[in-house]
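A.B. asks: So you can see what is in the structure, the chains are spelled out below.
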Amino acid sequence: MSDNAYADDSYEPVTNRSEIVFCYDAVDANPNGNPLSGANRPRIDPETQQAIVTDVRLKRYLRDQLDDDGHGVYVQNVKNEAGEQSSREDLLESRLRGLEPEDWDFDDLDDEDEAKLREEVFGAFLDNSADVRYFGATMSVDMKGSYEPFAEHLPDHFTGPVQFSPAKTLHPVTENEEYNSLTSVIATGEGKEQGGFDLDDHRIQYGFIAFHGLVDEHGAADTKLSTADVERLDTLTWRAIKNQTISRSKVGQEPRLYLRVEYKDESFHLGGLTRDLDIDEDRSVPTDELRNVREFTLDGTELVSRLDRHDDRIARVRVVASDVLDVTVDDETYTAGDEVGEHGFYDVLRGAVGDDIVEVVNVYDEAAATMPE
Amino acid sequence: MSQETLEGWADEDDTLPETCLSFELRGEWGHFRRVEGNIVKQTYRIIPRTTVAGLVAAVLGLERDSYYEAFGPEVSSIAVEAIEELRTINLPQNTLSTAKEHMTTMPSRGHARISMPDPTKLRQQHNYEVLVEPAYRVDLRLANDELRTRFRDHLRNGTAYYPPSLGLSEHLAEITYLGEFDVTPRERETTEVDSAVLEAVDNVELAPETEIKVERSPAFMAADEDGRTTTAFQSIAYATRTEPILVQNVETHEVDGRRVMFS
Chain F
17 MSDNAYADDS YEPVTNRSEI VFCYDAVDAN PNGNPLSGAN RPRIDPETQQ
67 AIVTDVRLKR YLRDQLDDDG HGVYVQNVKN EAGEQSSRED LLESRLRGLE
117 PEDWDFDDLD DEDEAKLREE VFGAFLDNSA DVRYFGATMS VDMKGSYEPF
167 AEHLPDHFTG PVQFSPAKTL HPVTENEEYN SLTSVIATGE GKEQGGFDLD
217 DHRIQYGFIA FHGLVDEHGA ADTKLSTADV ERLDTLTWRA IKNQTISRSK
267 VGQEPRLYLR VEYKDESFHL GGLTRDLDID EDRSVPTDEL RNVREFTLDG
317 TELVSRLDRH DDRIARVRVV ASDVLDVTVD DETYTAGDEV GEHGFYDVLR
367 GAVGDDIVEV VNVYDEAAAT MPE
Chain R
267 MSQETLEGWA DEDDTLPETC LSFELRGEWG HFRRVEGNIV KQTYRIIPRT
317 TVAGLVAAVL GLERDSYYEA FGPEVSSIAV EAIEELRTIN LPQNTLSTAK
367 EHMTTMPSRG HARISMPDPT KLRQQHNYEV LVEPAYRVDL RLANDELRTR
417 FRDHLRNGTA YYPPSLGLSE HLAEITYLGE FDVTPRERET TEVDSAVLEA
467 VDNVELAPET EIKVERSPAF MAADEDGRTT TAFQSIAYAT RTEPILVQNV
517 ETHEVDGRRV MFS
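Same order as they appear, the protein sequences are chains F and R.
Each residue of the first sequence is one higher than the one before, starting from 17 at the first, in this note's numbering.
Each residue of the second sequence is one higher than the one before, starting from 267 at the first, in this note's numbering.
Treat the hints as calculated values from the structure; they're not laboratory data.
A quick note: this is a predicted structure, and the numbers were derived from the prediction, not measured.
Glycine included, each C-beta is placed from N, C-alpha and C at the ideal position.
Mixed in with the good hints there might be a few duds.
Simulated pairs of lysine-lysine, DSS-like, Cα-Cα distance not exceeding 25 Å [as the list claims (entries may be wrong)]:
no., chain 1, residue 1, chain 2, residue 2
1, R, K307, R, K387
2, R, K307, R, K366
3, R, K307, F, K160
4, R, K366, R, K387
5, F, K258, F, K280
6, R, K387, F, K266
7, F, K75, R, K387
8, R, K479, F, K75
9, F, K75, F, K266
10, R, K307, R, K479
11, F, K132, F, K258
A few chain R residues that face chain F, going by a derived Cβ cut-off under 7 Å, partial list only [unchecked claim]:
no., residue
12, V318
13, P383
14, A488
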């Protein structure tokens with residue numbers, strides 16, 4: 017697909033690849049249940065005892081936050097009202113009804129015409145479906161009769177230019193035992209008088225979770241992912257974990273570190289940045305006794321030295337760290353400063369890749385600017 | 267730089283070079299869906315040859331369904347060696363169903379229609395078997411000069427047009443270039459093979475200490491009207507703990523001091 021896959025003057029295409037490191041922690045929570053286990057138990061790697069959180073779970077938080085912020089979201093929560101939904105389907109429907117094969121000279125469609133056609137059919141749908149711009153969507157295009165030539169010029173699916181790998185905790189976790197057989201005094205269904213019992217409620221005591229994400233600049237045009245969309249991620253991920261973790265099993269989760277490394281060179285990214293993070297075992301309590309972030313210290317030595325080694329290929333680093341997160345780099349521990357927006361870790365990053373390369377994200381001020389108009 | 271097609275690149279006279287490009291491929295997760303899988307989405311343990319082709323095509327930025335000829339049996343050869351112990355876990359997911367009866371079609375009648383999964387419907391539960399921290403060494407020979415040169419440039423520069431992944435797009439992968447190595451053919455003999463053993467399952471000599479497994483996975487594809495068809499499968503034997511396997515009477519190649527089998 018060409019760089020200008022959609023004919024839309026207001027659309028500002030993504031030109032740089034970004035790699036994202038996003039960490040949050042979970043205290044006495046079930047960060048991601050396994051739907052096929054008895055009581056939606058936390059997912060835990062049986063060999064390493066690390067807790068696992070799927071990309072699907074993170075995307076749900078992000079979609080719910082996009083929805084709350086008033087952006088259009090196509091894949092909605094089942095619980096939400098479906099009213100908004102139909103408007104997006106209506107959009108697609110009216111565009112398709114308006115298609116006239118006679119208006120298009122299929123033997124002579126150049127890139128520009130194709131971009132126009134895509135904009136005509138999918139443009140408004142994508143403009144109103146923020147989640148599809150980020151994460152893509154499955155669909156099938158069915159064109160019959162004189163409409164058949166359209167199929168060749170329209171995408172048959174949207175691949176998400178933003179991908180997150182399923183995440184793991186940086187350390188083994190311990191499952192809580194205290195809540196094993198919760199009994200509810202609330203009726204389990206309409207017409208039932210008795211409360212439920214044996215409503216198992218499994219949580220982990222503490223988990224520091226590290227997600228790895230990527231923004232593909234070449235796939236971006238396929239879903240109209242814009243520069244503004246990418247910058248929105250800098251505040252969206254943070255606020256999503258703050259605001260969308262309010263159900264019973266999800267409380268106790270807080271964002272701790274966000275880092276978006278934007279690369280200079282086309283087609284380049286370092287890869288696996290999240291793997292360069294580790295728990296600093298010398299400065300954390302033993303993992304089976306970990307209960308909260310104050311007992312935990314992140315080891316960012318490898319991450320910083322890797323960014324340092326490749327600083328000539330980095331355009332900018334957008335970063336935000338929680339004021340209660342301690343990070344060690346080269347045996348030195350860095351903590352938050354006296355003022356909001358100060359953290360020793362930011363200074364270490366500045367030293368590694370350059371003052372003007374590091375931009376500290378002011379989540380709440382910036383978020384206002386990324387809201388829908 | 268924009269995505270390219272391979273039209274006009276196929277050259278009948280192309281012969282395989284005497285060197286291969288070697289790279290390491292690893293990620294936190296991998297899922298190479300087995301074609302026979304049903305309710306449980308099972309994975310191959312060894313990255314299938316067709317997936318390696320797709321991965322190289324992604325690095326090169328080749329269009330979907332455009333590259334199968336360049337990875338045909340006469341003009342390409344690939345050896346794969348698992349370099350970390352192969353382990354899987356189950357990662358169930360709630361996903362929107364794409365079964366016909368769960369798709370919403372817009373408009374409901376007419377000749378220009380689009381179907382999408384209905385996101386207001388309940389999710390379906392699928393059990394995905396995923397590889398945990400899979401890692402492979404891949405030795406690749408490509409007859410097409412231009413493709414080979416471009417791929418080597420990407421490996422050297424650490425670039426990839428589309429970000430590489432291990433089977434599913436969310437299973438982000440890392441590629442490390444190991445270098446270009448001579449490929450030296452060896453006579454048919456009984457020898458220890460470092461790579462996965464191809465089409466020689468009956469010749470594998472079993473040892474009590476070594477657990478060997480066999481899988482049959484897609485090897486070659488061809489483009490067709492609907493996209494693509496798998497045209498050939500191959501039987502692969504591998505040791506689960508990545509140790510070399512003794513195989514009787516096989517044709518192997520030597521690469522970088524290792525014995526490998528190309529297909």
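A.B. asks: Work down the list of hints and note, for each, if the structure agrees.
C.D. replies: Verification of the supplied hints:
no.	hint	in the structure
1	K307(R) <-> K387(R)	holds, 22 Å
2	K307(R) <-> K366(R)	holds, 19 Å
3	K307(R) <-> K160(F)	violated, 33 Å
4	K366(R) <-> K387(R)	holds, 13 Å
5	K258(F) <-> K280(F)	violated, 31 Å
6	K387(R) <-> K266(F)	holds, 23 Å
7	K75(F) <-> K387(R)	holds, 17 Å
8	K479(R) <-> K75(F)	violated, 36 Å
9	K75(F) <-> K266(F)	holds, 15 Å
10	K307(R) <-> K479(R)	holds, 19 Å
11	K132(F) <-> K258(F)	violated, 40 Å
12	V318	violated, 18 Å
13	P383	holds, 6 Å
14	A488	violated, 19 Å
Hints 3, 5, 8, 11, 12, 14 from the list above are not met by this structure, while the remaining hints are.
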